[in-house]
Amino acid sequence: MNLETIKSEIEANVPGCRLEIVPNNSPSGQHSLLIDHEHALFVASFLRDAAHLRFDYCSNVTGIDWPGKEITEKVKIKKILDGVEQEVEEIQKTQSAGHLEAVYHLYSMEKKHGPVILRMRTEDRAVRIHLPSLTPIWRSAEFQEREIFDLYGIVFDGHPDLRRILMWDGFEDHPMRRDYVEPDDYEYEPTPHDAVLQKAKQHLNETGGR
Amino acid sequence: MSATTAATAHFTLKPSTDGGEGQLLEVSMGPQHPSTHGVFRMDVALDGERVVKLKPVFGYLHRNHEKIAETETYLGSMPYTDRLDYLCSITNNWAYALAVEKLAGIQVPERAEYLRVITGELTRLQNHTSVIGFLLQDMGASGTPLMYAFREREKVLDLFESLTGSRMMCNYMRFGGCRADMPAGWLQQAQKVVEAFPRFLDEFERLLSGNEILMARTQGVGVLSKELAVDAGITGPMLRGSGVNYDIRKVDKYGIYERFSFKVPLGEHGDVYDRYMVRLLEMRESVKILQQAIRDIPPGPIMDAKTKIRGFRPKAGEAYGRTESPKGELGFYLISDGSPNPYRYRVRPPSLINLTVLEDMCLGQNVADIVVILGSIDFILGEVDR
Amino acid sequence: MDEKLKVELGKQGIFTTTLQELYNWGRKNSLWPLNFGLACCAIEMIATTMARYDLARFGAEVFRPSPRQADLMIVAGTITKKMAPQVVRLYNQMAEPKYVISMGACAISGGPFKQGYNVLKGIDRYIPVDVHIPGCPPRPEALIDAFITLQKQIDEQQLTGIGRPRHLDPDAPSEFIVPQFGAHDLEPPQNPDVWHPPLVNISLAGKNESGND
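Chains as they are written, first to last, in this note's numbering: chain A, 1 to 210; chain B, 1 to 386; chain C, 1 to 213.
One or more of the hints may lead you astray.
Claimed, not checked - Below, simulated DSS-like cross-link-like pairs (lysine-lysine); rule was C-alpha separation at most 25 angstroms, straight line: (1) B:306 - B:192; (2) B:288 - B:253; (3) B:226 - A:112; (4) B:263 - B:253; (5) A:111 - B:250; (6) B:155 - A:69; (7) B:192 - B:155; (8) A:111 - B:192; (9) A:111 - A:93; (10) B:288 - B:306; (11) A:112 - B:263; (12) B:253 - A:112; (13) A:111 - B:253; (14) A:69 - A:93; (15) A:93 - A:79; (16) B:288 - B:308; (17) B:155 - B:288; (18) A:111 - B:263; (19) B:288 - B:250; (20) B:192 - B:288; (21) B:53 - B:192; (22) C:6 - A:201; (23) A:112 - A:93; (24) C:152 - C:4; (25) B:226 - B:263; (26) A:112 - B:250; (27) A:199 - C:114; (28) B:226 - B:155.
Claimed, not checked - Partial pick of chain C residues on the chain A-facing surface, computed with a CB cut under 10 angstroms: (29) 26; (30) 117; (31) 118; (32) 182.
I should point out that these hints are in silico values taken from the structure, not numbers from a laboratory. Since the model is a prediction, treat every value here as computed from it, not as a measurement. C-beta: ideal position from N, C-alpha, C; glycine also.
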């Protein structure tokens, strides 16, 4: 089933929704559909209920962390050098906010086709980390969204029971994020090398050789 | 308050919801419990013997497989997949290999596909026998059925050991093929095991299927409706026990499954007995597939010559590959950023998602039925928590 | 008593023994393990009790579901940080004399999952271990070997004096602290009375940052 046709069908049936096809250049050719937060539930229920689509089975729900990147730009600035105004090129570094992403893989058990891949993105990784929960449409998303909340820290609005699932309740970090730092817990290894050696050095510097 | 109502961590009394004399009893089953199939906990609220609430608690075997995989090369994660669902390492290897092959566009030689089918279906046989053994163990048939099941399992494990070098953690598949070809005489040995298997199934069925106690404990217990099964994303024998015809071997036709003739057994009632029966019948179908595969396996290479094992770097992109593992749909979702390690590595665990309907199946049942229903789900904690 | 004399008496039908021998003989041949598995190794533990490997030959077939009735804890599998408090609590609930077999790479050191954020790097950080078996998972034969090793250990124990078993020493602890869930890690991350980080001077100096000595 062509993603383009599905996209145009959704656009015809869910007025006002903003969709974008995220291309995938790998040989798998599984392109995905980026949907907006406001219309996510409508898009999802259309995909589930439309008689010829019937994506009644939400197989896989997962989170992805895309941390902000450092963007280096060359900017031309006018400066006064030696009393003469000159144009100087300077390198400016800015930090983009990055985002968290939730991905849904949909199949149809009735029509036996699929997958259609939906994506939703948060606006940043610190504060605006809310996404609408698709659990009201597919119950199979319930525990998987809880897992994303636990490990990535995406807050799913409308989820019936959003608690930590894998880590304990008092745990404060989101360990699957790429900037998660583990508690320092070094143990001797007979042949420390590469990352292990790096960790050992750090530990021994911090604890003064113990 | 009397001493009996003082709350402790594992045992709380609360007033009954119906306003009567009775009280609700909250019991924590697990994580160390002989019949929870590993470290799994349930917070159960009981009204007398009846279950009125059940909340599963996970994470006691959360081994950070996904996080570790981000720091490993693609090949480096292969041994970790063995330890997901540790009863069926080979089908886990297969699912992961399939996902990577999709991601990098790798073709698998024919002989390797046959080897995959043979080892994969043998895995299904030993998984389903063990699961039925464990189910009966949970039901109180301590010993005999599990002993029978493990006797057969050992025969299959001997085959795995002589093929891959390990009983349980086979680490057998590679991207674009399999790691080792069959040693001399292996196929004959496998054929012997496969030929003898239906006799064991007959014995097992004579012992169990018509057993009055088993029927009384399982029929009409833990009913899962068709609609709920689809909505909750249940897969595998549990889904087919509820009567939904969805087997990924038939739907996706991955590998070479379209070459074999086999049926997909379906249940009618969606109760524990149907799930038990579907597994038994699936084993008979697996035996059929095995016989065809052993008959037809062609000579040839077992690895795709073009695939690099070391320094393997698929180009940026993503892929979701799924297989019908003995537990259900086992999928791997991989994102590559062009480096030797995956950017994101996700396991779609059938065990976890099949567990989500536990409460729905247990409500209104007796507390002793919980372990029976749990046993019929067939989950492995290594895969649930990853 | 002289060993030769004892054998000689035995031939004449006179059985002599010491209280220590009798006591150790009884303990070593009725090791009842706790029915408790954590991960992959538990499946091999079950396989060990089944017909082919038959652990019952060594007096250890009675797996007890309650720690109060068990003598031996086989820590079979990965101990996660979420599970560690329960494992220590189960150990504390067992009655003396009690023994621990740490089965498999994970229970020894965290094994392949060592770098995981939720994985405890070995159960000996919280409780004392009598026998370690390497392997991932160890074969049933390895578990049987661990049993025999433990039986030998028990057989050689002196009941009095220094080095007597813990349960006969009123000063030796029988229970150990149960770690608590913290905001980032278990608290404490290890029990300093039981486990000390190995004091090995790895030569970090070997090469400095620039790669020279």
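Going through the hints against the structure:
For the hint linking residue 306 of chain B to residue 192 of chain B, the alpha-carbon distance of about 35 angstroms lies beyond 25 angstroms, and the restraint is violated. The suggested pairing of residue 288 of chain B with residue 253 of chain B holds, with an alpha-carbon distance near 17 angstroms, which does not exceed 25 angstroms. A threshold of 25 angstroms between alpha carbons decides the hint, and for residue 226 of chain B with residue 112 of chain A the separation of about 16 angstroms falls inside it, so the pair holds. For the hint linking residue 263 of chain B to residue 253 of chain B, the alpha-carbon distance of about 14 angstroms falls within 25 angstroms, and the restraint holds.
Between the alpha carbons of residue 111 of chain A and residue 250 of chain B the distance comes to roughly 13 angstroms, so the proposed pair stays at or under 25 angstroms and holds. Note on residue 155 of chain B and residue 69 of chain A: the hinted pairing is violated, with a Cα-Cα distance of about 54 angstroms set against a maximum of 25 angstroms. For the hint pairing residue 192 of chain B with residue 155 of chain B, the CA-to-CA distance comes to about 10 angstroms; that is within 25 angstroms, so the pair holds. With a C-alpha separation of about 40 angstroms, the suggested pairing of residue 111 of chain A with residue 192 of chain B is violated against the 25 angstroms cut-off.
The straight-line distance between the Cα atoms of residue 111 of chain A and residue 93 of chain A is roughly 51 angstroms, outside the 25 angstroms bound, and the hint therefore fails. Between residue 288 of chain B and residue 306 of chain B, the direct Cα distance comes to roughly 33 angstroms. Violation of the 25 angstroms bound is thereby established for this hinted pair. Among the hinted pairs, residue 112 of chain A with residue 263 of chain B is consistent with the structure: their alpha-carbon atoms are about 17 angstroms apart, no more than 25 angstroms. Restraint check: the Cα-Cα separation between residue 253 of chain B and residue 112 of chain A comes to about 12 angstroms, which is no more than 25 angstroms; the hinted pair holds.
A distance of roughly 15 angstroms separates the Cα atoms of residue 111 of chain A and residue 253 of chain B; the hinted pair therefore holds under the 25 angstroms criterion. About 10 angstroms separates the Cα atoms of residue 69 of chain A and residue 93 of chain A, which keeps this hinted pair within 25 angstroms; it holds. Pair hint residue 93 of chain A plus residue 79 of chain A holds up; C-alpha atoms about 19 angstroms apart against a cutoff of 25 angstroms. At roughly 35 angstroms between alpha-carbon atoms, residue 288 of chain B and residue 308 of chain B are farther apart than 25 angstroms, so this suggested pair is violated.
Between residue 155 of chain B and residue 288 of chain B the CA atoms are separated by roughly 18 angstroms; this keeps the pair inside 25 angstroms, and the hint holds. At roughly 19 angstroms between alpha-carbon atoms, residue 111 of chain A and residue 263 of chain B fall within 25 angstroms of each other, so this suggested pair holds. Between the alpha carbons of residue 288 of chain B and residue 250 of chain B the distance comes to roughly 15 angstroms, so the proposed pair stays at or under 25 angstroms and holds. For the hint pairing residue 192 of chain B with residue 288 of chain B, the CA-to-CA distance comes to about 14 angstroms; that is within 25 angstroms, so the pair holds.
The hinted pair formed by residue 53 of chain B and residue 192 of chain B fails the criterion: a straight-line CA distance of about 48 angstroms is larger than 25 angstroms. Taking the CA atoms of residue 6 of chain C and residue 201 of chain A, the gap is near 60 angstroms; set against the 25 angstroms cutoff, the hint is violated. For the hint pairing residue 112 of chain A with residue 93 of chain A, the CA-to-CA distance comes to about 49 angstroms; that exceeds 25 angstroms, so the pair is violated. For the proposed pair residue 152 of chain C and residue 4 of chain C, the alpha carbon gap of about 22 angstroms is at most 25 angstroms, so the pair holds.
As the CA atoms of residue 226 of chain B and residue 263 of chain B are separated by approximately 20 angstroms, the hinted pair is consistent with the 25 angstroms bound. Distance restraint check for residue 112 of chain A and residue 250 of chain B: the Cα-Cα separation of roughly 10 angstroms lies within the 25 angstroms cut-off, and the hinted pair is therefore satisfied. Note on residue 199 of chain A and residue 114 of chain C: the hinted pairing holds, with a Cα-Cα distance of about 13 angstroms set against a maximum of 25 angstroms. Taking the CA atoms of residue 226 of chain B and residue 155 of chain B, the gap is near 36 angstroms; set against the 25 angstroms cutoff, the hint is violated.
Because the smallest distance between the Cβ of residue 26 of chain C and any Cβ of chain A comes to about 39 angstroms, over 10 angstroms, the interface hint for this residue is violated. A distance limit of 10 angstroms between C-beta atoms decides the matter here; for residue 117 of chain C the minimum to chain A is near 5 angstroms, and the interface restraint holds. Interface hint status for residue 118 of chain C: upheld, as the beta-carbon distance to the closest one in chain A is roughly 7 angstroms, under 10 angstroms. Look at residue 182 of chain C: its Cβ gets to within about 7 angstroms of chain A, closer than 10 angstroms, so that hint holds up.
Of the numbered hints listed earlier, those contradicted by the structure are 1, 6, 8, 9, 10, 16, 21, 22, 23, 28 and 29.
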